[in-house]
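Peer 1: Protein chains in written order, with this note's numbering: chain A, 1 to 76; chain B, 77 to 265; chain C, 266 to 351.
Derived by calculation from the structure, the hints in this document are not laboratory data. All C-beta atoms, glycine included, are put in the ideal place defined by N, C-alpha and C. Fair warning: there could be bad hints in the mix.
What the hints assert, rightly or not - Restraint ranges, calculated between C-beta atoms of paired labels, are given here: (1) A:V22 <-> C:A311: 47 to 57 Å; (2) C:N298 <-> A:N2: 19 to 29 Å; (3) A:T3 <-> B:C93: 31 to 41 Å.
The primary structure of each chain is shown beneath.
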Amino acid sequence: MNTHFKTYYPYVSPFDPCKPMVKKTYSTPPNLYLGFQPPNLPQFTPMEALRAGTLWKPLYDPWYSPYEKGKKGVPS
Amino acid sequence: MWIYEKKLQYPVRVSTCNPMLAKFLIEQYGGADGELAAALRYLNQRYTIPDRVIGLLTDIGTEEFAHLEMIATMVYKLTKDATPEQLKTAGLGDHYVDHGKDLFYHNAAGVPFTATYIQAKGDPITDLYEDIAAEEKARATYQWIINMSDDTDLNDALRFLREREIVHSQRFREAVEILKEEQGKKKIF
Amino acid sequence: MKQVPAEYYQLLEQLQVVDFVLVELTLYLDTHNEDLEAIKQFNHHAKERKQIKKQFESQFGPLQQFGNSYSGYPWNWDDSPWPWQV
Ligand SMILES: [Fe+2]
């Protein structure tokens, strides 16, 4: 499985006005890696699928706000 | 034709009366990468795309209208009982002056919806690449809205919508693969 | 003020669950029209949704109109609540 995020470290100048965010991340969703979807990929149960927003486990990539506790794994 | 169904695609709950979130959410209602633009883009392209992908454009375009209704529901719930004073502090004073509590097809900055948000180049690959880009842009917009929202119930529905963009993008990518396939060759998975 | 009972939300969710699987399978099959297993699964859920639709409509009125649902008396298609109100 591929990671859903990648990170980079932008240059920090001593003259940057705001407190530097040393590490930055960006999203790399699973559709970048899957290619033409092969048959019989693992599925969520119907109830899990609705909660996840997809039926297909390998396409699941949830996004949480900094205010939420980031919980990964099976959607409830 | 289209048939309306009296239900949302996904249950929308909003836990706090925070009209400011409505101001952000309207981006996905009448903004450049919003659900209205998406629906109109795909349904318009399907008339001239090769037959093999007309069904996909029709179905994703239709689903986008279900998403538009979810966004409208969020905005409606966040503003229906807000006082003019609350709307003013939420930055919705300009909206209230012009539209009262009506929703309107404009973006978060108040710019009205325009057909120029939609591309139609008449070239199947160009159009599908446009669609893939549109899905990724909508995904990113949901990320930024979720990042600014502390409403966990609302974020739950926004997370659903963001995930849908990932799936739509996946299907459009597959549509490109279908159209670029050499003709007369047997398909291998 | 009239409010829908808890059962409305339960049945509605059951319908949303099965319909979501059908949406996902529809988009998948649009690009995979020879996947027999997925088609079988699709038809299975299509049958299941018919039953849930029937049960929901018998208690809470028509989900669709223009003749895609039967009507009660008096005409109950335009009864509240609408989806964004609940
Ligand atoms: Fe989409």
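Peer 1: Each hint needs a verdict: does it hold in this structure or not?
Peer 2: Each hint, compared with the structure:
no.	hint	verdict
1	A:V22 <-> C:A311: 47 to 57 Å	holds (52 Å)
2	C:N298 <-> A:N2: 19 to 29 Å	holds (27 Å)
3	A:T3 <-> B:C93: 31 to 41 Å	holds (38 Å)
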